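Participant: Respectively, the protein sequence lines represent chains A and B. Using the numbering used here, count along the first sequence one by one with no gaps and you end on 111. Using the numbering used here, count along the second sequence one by one with no gaps and you end on 116.
Hint data in this document are derived by calculation from the structure and do not stem from the laboratory. All of these numbers come straight from a predicted model, not from anything done at the bench. There may be inaccurate statements among the hints.
Once the Cα atoms are required to be at most 30 Å apart in a straight line, the calculated BS3-like pairs of lysine-lysine come out as [said to hold, decoys possible]: (1) A:K98 to B:K24; (2) A:K98 to A:K51; (3) A:K106 to B:K24; (4) A:K106 to A:K51; (5) A:K103 to B:K78; (6) B:K68 to A:K98.
Now for the letters of each chain:
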Amino acid sequence: GQQLNQSPQSMFIQEGEDVSMNCTSSSIFNTWLWYKQEPGEGPVLLIALYKAGELTSNGRLTAQFGITRKDSFLNISASIPSDVGIYFCAGRQGGSEKLVFGKGTKLTVNP
Amino acid sequence: DAGVIQSPRHEVTEMGQEVTLRCKPISGHDYLFWYRQTMMRGLELLIYFNNNVPIDDSGMPEDRFSAKMPNASFSTLKIQPSEPRDSAVYFCASKPGRGGSYQPQHFGDGTRLSIL
Chain A
1 GQQLNQSPQS MFIQEGEDVS MNCTSSSIFN TWLWYKQEPG EGPVLLIALY KAGELTSNGR
61 LTAQFGITRK DSFLNISASI PSDVGIYFCA GRQGGSEKLV FGKGTKLTVN P
Chain B
1 DAGVIQSPRH EVTEMGQEVT LRCKPISGHD YLFWYRQTMM RGLELLIYFN NNVPIDDSGM
61 PEDRFSAKMP NASFSTLKIQ PSEPRDSAVY FCASKPGRGG SYQPQHFGDG TRLSIL
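One chain only, chain B, in its complex shape (with noise of 0.2 Å):
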């Protein structure tokens, strides 16, 4: 079975450019999630999706970052314009519904992104 599949794995951009990262959930998987991982914050939640409804983006560090789910098969986090700080790997995750006890989520590769 195909995992959850996230391009570019790797992303290299000049600073005030719009980056667009890409996720391929697991089908059949209702719950998507965005992660950011750092050396100094490690796994950071940013925002996630039930049935590509937007449930929680308290994570989402500030306006430039947005993340859409048009269908249940995909899924962007956009950063515009992107800064140095930005920099890190950005991990997607999804994970089944309710239907008895709880599912976990699977983890993509990530996308390593480099600001320049």
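Just chain A, same shape as in the assembly (with noise of 0.2 Å):
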């Protein structure tokens, strides 16, 4: 079946930091989106991408859909403490409701 590359699987940065994550694919997505999973939660929607090329920003959240459609990046700038958790990447392909998931990376945050 179809998979998502993530990375990276991990990170620890200081508070203040700049964060940088991806997803890759071998196949094609219509659709992109970014999830946030902290200990003892279900995942929480952080941003939703339509159109390839797309660049998007929640707060210090800015994500963008690869003009390829194959690959969609996540950036935190100024991380601070809270932004702690596993951050998911999501894929839909065409008309499916069906999403296929990144296996995550963890972010730490060191105050």
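Take each chain as given, in its own frame, and dock them per the hints.
Facilitator: What follows is the structure, encoded as structure tokens:
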């Protein structure tokens, strides 16, 4: 089945640093989503991207839909301790309601 | 607004017992999804429903797993008999139906299942 390769698997950064993570695939997707999961909770939607080349921001978060439609990245600027969690990318193909998820990037922010 | 509600939040039971996980989707959402999350395999879609009808159950691991949605506000995922390898966090998610651009899924907080 389709796979999303998400990297890095984990990141350890200092508060105030910028963060970048990405998701790639050999398949084309027409929707990219970024979710954040905190311990003991379900994934929460951060950003949704619907068009190739689209760049969307949500506060300190910025995500882009790659022009090849095979990748997406998420940037977090000026990280703070509450950014800690696991960030997942998810892609949707065609008109399907099914999402393919990456394995996640675990972010640790040291105060 | 209430989000997706799952119960129980934690379940510990012995191998061979029947396990029933419950989900109440967000009111007005037409789609309901069941996922399983493990360290090894990440988030896997088990089954999803549209307007209470199962659409795709290709992710259900085997006949021991079954899911039902008797009405728009309730769904169950049942494992019978349970096995230790079923230990995982099970998530339910729901989303609105079509009506323009794609509407993303909203997740509950999951049920952490441990089979001893």
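Participant: Against each hint, give a clear statement of whether it holds in the structure.
Facilitator: Here is how each hint holds up against the structure:
1. Under the criterion of a C-alpha separation no larger than 30 Å, the hint pairing K98 of chain A with K24 of chain B is consistent with the structure, at around 20 Å.
2. Under the criterion of a C-alpha separation no larger than 30 Å, the hint pairing K98 of chain A with K51 of chain A is consistent with the structure, at around 18 Å.
3. Our distance criterion of 30 Å between C-alpha atoms is met by K106 of chain A and K24 of chain B, whose separation comes to about 29 Å.
4. Between K106 of chain A and K51 of chain A the alpha-carbon distance is near 27 Å, which keeps this suggested pair within the 30 Å criterion.
5. A distance of roughly 26 Å separates the Cα atoms of K103 of chain A and K78 of chain B; the hinted pair therefore holds under the 30 Å criterion.
6. For the hint linking K68 of chain B to K98 of chain A, the alpha-carbon distance of about 18 Å falls within 30 Å, and the restraint holds.
Of the numbered hints stated above, none is contradicted by the structure.
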